[in-house]
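Trainee: Modelling step: build the complete structure from the supplied sequences, incorporating the hints.
Protein chains: 2
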Amino acid sequence: MKNKNNNKNSCNGCHGDCVSDTSVGFKISEDFKRFNQKNDIFSRSFWDDQIHSEKTERFYTSYRKPLKEWKKVDGYQHRDFSIRNAAWHVTDFFAERLEKSQDRREGFLDFLTAHRPSAAESRDIPDPVEMSREIKHVAKLFDADLCGITFYDERWTYDKRFNRNQLEEVEMDLPDDITNTIVVAHEMDYELLRTVPSALSGTATGVGYSRDVTTLLALAQYIRNLGYQAYASMNDTALSIPMAIQAGLGEYGRHGLLITKEFGPRVRIGKVFTDLPLAHDKPIHFGVEKFCSICRECTKACPPGAIDDGNQLETIYNQSNIPGIAKWTTDAEKCFDFWVKQVTDCSICIRVCPYNRKMPNWAFKTWTNLMATPFRRIILWLDKIIGQGKRNAPSNWWKGH
Amino acid sequence: MKNKNNNKNSCNGCHGDCVSDTSVGFKISEDFKRFNQKNDIFSRSFWDDQIHSEKTERFYTSYRKPLKEWKKVDGYQHRDFSIRNAAWHVTDFFAERLEKSQDRREGFLDFLTAHRPSAAESRDIPDPVEMSREIKHVAKLFDADLCGITFYDERWTYDKRFNRNQLEEVEMDLPDDITNTIVVAHEMDYELLRTVPSALSGTATGVGYSRDVTTLLALAQYIRNLGYQAYASMNDTALSIPMAIQAGLGEYGRHGLLITKEFGPRVRIGKVFTDLPLAHDKPIHFGVEKFCSICRECTKACPPGAIDDGNQLETIYNQSNIPGIAKWTTDAEKCFDFWVKQVTDCSICIRVCPYNRKMPNWAFKTWTNLMATPFRRIILWLDKIIGQGKRNAPSNWWKGH
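If you read the protein sequences in the order shown, they are chains A and B.
Residue 228 in the working numbering is what sits at position 228 of the first sequence, and the numbering runs on without skipping anything.
Residue 295 in the working numbering is what sits at position 295 of the second sequence, and the numbering runs on without skipping anything.
Calculated from the structure, these hints are not laboratory results.
Chain A residues, not near chain B, derived (Cβ > 10 Å throughout):
1) SER29
2) LEU239
3) ASP309
4) GLN319
5) PHE338
Derived pair list, reagent style DSSO-like, types lysine-lysine, alpha-carbon separation capped at 30 Å:
6) B:LYS65 <-> A:LYS140
7) A:LYS334 <-> A:LYS300
8) A:LYS136 <-> B:LYS390
Even glycine gets a Cβ: it sits at the ideal position worked out from N, Cα and C.
Mentor: Printed below as a string of structure tokens:
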């Protein structure tokens, strides 16, 4: 299993210290096993009768077809579902286009298909540090808000893929000679997330994915045009969060999400697997672990109580948890059950997170800097008083305020 | 022919005065005829032996395959073509996906195919003014930089489509009951355009199109989800510039491009044809006509001399010009010939245009306000001294400065 940076000697950026689990902050035991995508809650909602129901069917159908009757509750009306589903349009298009003909669900169960092959002649890359700088420049031009680079760590690649048509697991088809992972992140819309829970707020998820798919397709094609391999991946193929942490995009939060310096947990993550020679970023630490240790905003706000209230342990609620990593653990069964009842996804944990705040850059920097000091309790108290984490009525969003 | 605003009575926004050609600034004579897309220079480069050559083939192939030999000239190297073609990736994907199987070239010769049908039950729209406000809110959420709304004016719809496989014209398939046109614009990357001419600068075109296709697909799907018709269109189906002018996005410039208040000529335009009840925007006038009358920056900078040096007349250089409209006219044959020789598109006319300047908002507003006064000659003189229109070396862009 590739869980070492075999590029160590060729990486001029991290000088090898990007790789140790200690420096990243991972606490991994001997019980660790790679995750099988069959056990992810979305896969389970198709094959596992404990999860699958008429209501899960209604949940998925609501993304494709109008509800039988439009609700009158603010945030769950005709226009709210219309915009949410329109936001998912581009992502859905790619996810569905080869689903019947080739059993591939791109972006969710399978990587995005390359539109054109890699160039036969590859560009000479004398300096991986310079190449990494260039890749970040290109990723941002192609609309990525953040971009980090790390070595390819096979531990995060799914042990098996899941095939939703056959309801069976299938072999992972990523080639053996991948060496690096480029991780990109897109900010999700702050104002839409203020309206969580609502069908309207699911628009932020859809727009995030659609931006992700566009960036990834273009970035991977750039690498192929240079004559290297590139596999563009969203939720398929591998766990994004540990890779994003290794690539220096942020830290792990109590709600089980990546917390970035720039946008807090308000991001969607994508990645490109490649053999392009690249230098690696160093993981960053800006006080998240200590802050989440004293904060319970997400835990308290989660309606089904799916978020960890305790310490970082190797908790296993059910088979949707990965074994052998001491971390805050969420109960995906409880979480998804709430989604299904709401007929839309939920991001309450993002809305209430004190790292999800909108201020001028300098103020947000000061805010997060203070969160990394003993003043963190004051910040937490202040956050409640300011009340930015409160829900905004969806009708207010529609009115533009 | 629909060239009147039949919605006049239902439009609460423009009170009917959005429709007159005089208020828009169009000078249209009895010789006017709708344009046949067969006569567009890109179509002609396939069927017209006067245009088609081995070199035009090489030009198009360069967007799909590596050149036989990489050039050493700055801006035309492996990485420059690689990023340009990657930027076109998403657009190319849609353009090519149904080309063989259904003879449709989406976004260029045919409108973008709807992924899901319109909802059977349509939302009641009591107030078109409010609906227009909402559509603009949604368009901007879906990444449009500008959005304007006008009535559907059939004069700008191509008389016939062109089928590139059959090399034949085909009937226009837009339904009869379209009433409105939503026009969106996306800013093109300023820094990339500073490097024109170069293969690198074509990246700005590609990114612009890719953003356009994503916005249009989502916006059209939003309207269909509300239960109305929506046809998302890029360069296919109709002439975008007159529609954008009618929708209040800007004025017509000497180089034959739309000049917007916000980004000057640095935009790409898309549109959605719909029967959703909408109020219309008023055309805007901010002094472009008078400024272009005294300015010859684009005319002088155009290597093949394809840009008008005189007054607004009903000039016809060849069949790629539309008859019966007095306007500054470009010679598409000369223009495209230069593209083919460069093996990439050209935007020198955008780079040198004094409306294509990057300054803080307040400064740009002052700048364009002065361009609308008798001080315009001073601005033109100042623009040359400041020298913002000069080419930046492509290698500087790669270095990030």
